[in-house]
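Peer 1: The lines below spell out each chain.
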Amino acid sequence: MTTDTRQQKQFLTFQLAGEAYGVDILKVQEIRGWEPVRVIPNTPYFVKGVLNLRGAVVPIVDLRERFGLESAEYSQKTVVIVLSVKHSAGQFVIGVVADAVSDVLDIDLDDIKKTPNFGTQIDTRYMQGMHVYKQSMIMLLDVDKLLNSDEVESIDGLF
Amino acid sequence: MSIDMSQFHQVFFEECFEGLEAMESGLLTLDVGDVDSEVINTIFRAAHSIKGGSGTFGFTVVAEYTHIMETLLDEMRDGRRQVTQPAVNVLLGSVDCLREMLTSIQNEQDINEVSVAQHKTALEAVLNGVVSEVVVPVPAPKISNEAPKVQTAAAEVVAQEEDASEQGWKISFCPYLDLLKTGNDPVRLFRELNELGELTAIVNAQDVPKFYELDPEECNLSWDLKLVGNVSSDEIKEIFSWVEGDCELEIQPLAKPKVIKPAPVVDAVQVDVEIDEPIQVTVAEPENIPKPALDTKKDTEAESSKTAVKASSSIRVDTEKIDALINMVGEVVITQSMLGLVGENFTMDKVGQLKRGLAQLERHTRDLQQSVMNIRMMPISFVFSRFPRLVHDISSKLNKKITLKLVGENTEVDKAVVELINDPLVHLIRNSLDHGIEMPDDRIAAGKPETGTIELKAYHRGGHIVIEIIDDGRGLNKDKLLAKALEKGLIDENIQLTEKQIYELIFMPGFSTAEQLTDISGRGVGMDVVRRNIQSLGGNIEIISELGKGTTIAIHLPLTLAILDGQSVAVGDEIYIVPLVSIVESINITEKMLNKVAGKGETFRLRGEYLPIIRMRGIFNVQSINKPKSTEGVIVVVEGQGALCGFLVDELLGQQQVVIKSLEANYRRVEGVSGATILGDGSVALILDVPGLVRLSVR
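Keeping their order, the protein sequence lines are chains E and G. With my numbering as the guide, the letters of the first sequence map in order to residues -11 to 147. With my numbering as the guide, the letters of the second sequence map in order to residues 2 to 700.
These aren't lab readings, by the way, just hints derived from the structure by calculation. Among the hints, a few may not be true.
[Claimed, not checked] A few chain G residues that face chain E, going by a derived Cβ cut-off under 10 Å, partial list only:
| no. | residue |
| --- | --- |
| 1 | 184 |
| 2 | 188 |
| 3 | 598 |
| 4 | 616 |
| 5 | 617 |
| 6 | 620 |
| 7 | 621 |
| 8 | 624 |
| 9 | 658 |
| 10 | 662 |
| 11 | 668 |
| 12 | 671 |
| 13 | 674 |
| 14 | 687 |
[Said to hold, decoys possible] As a list, the in silico DSSO-like pairs of lysine-lysine whose alpha-carbon atoms are at most 30 Å apart:
| no. | chain 1 | residue 1 | chain 2 | residue 2 |
| --- | --- | --- | --- | --- |
| 15 | E | 15 | G | 416 |
| 16 | E | 74 | E | 15 |
| 17 | E | 74 | G | 182 |
| 18 | G | 479 | E | 133 |
| 19 | E | 102 | G | 211 |
| 20 | E | 15 | E | 122 |
| 21 | E | -3 | G | 485 |
| 22 | G | 211 | E | 15 |
| 23 | E | 74 | G | 479 |
| 24 | G | 211 | E | 133 |
| 25 | E | 15 | E | 133 |
| 26 | G | 211 | E | 101 |
| 27 | G | 182 | G | 479 |
| 28 | E | 15 | E | 101 |
Where is the CB? At the ideal position from N, CA and C, for every residue including glycine.
Full structure from sequences and hints, please.
Peer 2: Now the structure itself:
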């Protein structure tokens, strides 16, 4: 992903429990307000349910819960960022719930720092890297891995 | 001046393939002893129109070739020539050859001249009366190298290959993920390669995913092979012929030009082009028709990979269906303008008119929808028509005498089902041929007619299409199945299984009772995949068998995969759709009417029968804020997996047709849910997978 020859990449940043996160803007399909979803039985807790997106049934993941942050009430500001991700089985569309969207940033690829190794305590697999912007850290997410990790798979294992 | 002919090519090819199919089925029904002139006429006409068409479009190679066939058929037609089995076999081979030529042209690739030349010689030999020698076409490598020497261009390629082959070959073999599912095992391939020469295999394992993501049925490995020895590329290709279309294959000679005249680069390129694209391989391969046995495999392989390529192309629709559709659209337009008129200056006294208009619109939309669905319906004969050839080829290979009976070929079924049902059916029929039907001697000893019968039957029942494969072979041996399952540790010794459950064992992964593994079946990969494929189509499969008398395998499939009639039910705040076809009845009950069994499982007494109850609230873990009176509810009695069962829901909402949306498209399979749909208010509702839920509740 970072082997791109272009020097700059645009990232959409958003807020999650006071922290800034970023995703590759080319992965973003649209941003919409929160609306109630249909619950899917027996799925991981962070999959809130599915939504009708112009005829396609799209799963919605709560990023706060996905990252183990305390969950918040959904409000008028709550947004759903619809992402197009590559899963091992192909192209998927998912929505992620975030507190608010902030900005689109041009980030030099050289300015992306490798995610520090936190040891085993913190899961950094879905991190693409970090970027310092105006003295604050932005965590850049590798969206392809959000719905692709062991937690989802291990649910399959339960059956 | 000139008209652009290429726009008609697609139609031409479709017609040709249809013609070829007609020729093939005609040749297969041709009874050598007692020739029906009408059948010969049909074959002749098909050949003739292919010849005419290809001449018009400037495919002279095809035209010339067909001309020889035509001459032969013409003589047969006039009774100047006897119809002999060898001649029929050569004609069948020619049909294959023609099909390959046409596919090559269609894909804008070069025609495999070696193979064409061979077939031509065989045909001409028959024509000149040299029947007996050439006809049972000659063992592979020799002739395929000798025949083309007459053909200058082709001979050179072969000669080059010959030179290089003295050194050995470098083979890069990169199977697709689903290689294993087609029943192929790379290890077996390597073992065969090793018999040809000294084999060195280097495995590339970098694509193997993490353990959690690992699917044991996917082949994530690829290999670089080095084969040293005096081997011809044909021999290597023959070994890989089973997997072409399922892998990327590149065969290159180990670079060491011994002979100077043909530059080795050219050589490599030549071979490369041939192998690189799976499509062309299928085209290039069956060139060595020689052994009819091998031909079988190649043919079906070629067949299946071709359908894979063609899958999403075009469908032919009956004009009647189109007319009905246009008619419906007209009605809808009229209704729409009528409604528009009502709406223009609307007063309350026009409400009745409005309602009538809306009712009409609803009816028309439903009809329209039905007409559109009708267009997608194709007769199942699209699938069935391939099987006579398959049975013909395999039975002659196995030295068995088998007739195939097709019943209900005109049963219509959704295009998607037609496309997906082919592979499972091929597998099941191969199984019947190989394991089901006994050798002629055994049959006579068992007091059965020498010729076995396989009946392939399709019919509609309820909202389903049923496809049955009935053979009068040896049947399944329950004791043997049990013993095998115990030996493989698939079941526990102490468990008592019903007859049905014992038959179900053959669907377990890794189960095969064949004493001897054959090319055709018995590798124990397969039946489980067959069942999974059918279940993924929303169908199920069951076996009825009687030892010594035969086996019936019945496949139940939904008619369409796009729309279903559903009953919406409420559970807490959630709305689920239950497919109407699986609902038997619905009953209002109160809590007291349920009986607890052993303090856990709940049952309901329905007309003397005890019905197991599944609480939707419990199994889907539904939480709702406004708890309804828990003492009342509705039992929806459903039939799943052959047994009745009751779903306890809060309320029945209404019946409607729902459009099925896939959950897997963006998410993954959810246990107990077969899909999702969009309700009138734009929200999503989940469609229940009744058999899946029954299974889920048993665990």
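Peer 1: Now, for every hint given, state plainly whether the structure supports it.
Peer 2: Hints, verified against the model:
1. 184: 22 Å, violated
2. 188: 25 Å, violated
3. 598: 24 Å, violated
4. 616: Hint on residue 616 of chain G: violated, closest Cβ of chain E at ~12 Å, above 10 Å.
5. 617: 9 Å, holds
6. 620: 7 Å, holds
7. 621: Given a least distance of 3 Å, the restraint on residue 621 of chain G holds.
8. 624: With a minimum Cβ separation of about 9 Å from chain E (threshold 10 Å), the hint on residue 624 of chain G holds.
9. 658: Since chain E brings no Cβ nearer than about 16 Å to residue 658 of chain G, farther than 10 Å, the hint is violated.
10. 662: 5 Å, holds
11. 668: Status holds, d = 4 Å.
12. 671: Holds. Min distance 6 Å.
13. 674: Result: holds, 7 Å to nearest chain E Cβ.
14. 687: 7 Å, holds
15. E:15 - G:416: Not OK: residue 15 of chain E and residue 416 of chain G at ~34 Å, beyond 30 Å, violated.
16. E:74 - E:15: Since the Cα atoms of residue 74 of chain E and residue 15 of chain E sit roughly 9 Å apart, the hinted pair holds (cutoff 30 Å).
17. E:74 - G:182: 24 Å, holds
18. G:479 - E:133: 48 Å, violated
19. E:102 - G:211: 22 Å, holds
20. E:15 - E:122: 24 Å, holds
21. E:-3 - G:485: 60 Å, violated
22. G:211 - E:15: Between residue 211 of chain G and residue 15 of chain E the Cα gap is close to 24 Å, so the pair holds against 30 Å.
23. E:74 - G:479: Answer violated: residue 74 of chain E to residue 479 of chain G is near 47 Å, above 30 Å.
24. G:211 - E:133: 13 Å, holds
25. E:15 - E:133: The given pair, whose Cα atoms are some 12 Å apart, holds under the 30 Å limit.
26. G:211 - E:101: At roughly 25 Å apart (the allowed maximum being 30 Å), residue 101 of chain E and residue 211 of chain G satisfy the hint.
27. G:182 - G:479: Judged against 30 Å, a Cα distance of about 26 Å means the pair holds.
28. E:15 - E:101: Holds: residue 15 of chain E and residue 101 of chain E sit about 20 Å apart, inside 30 Å.
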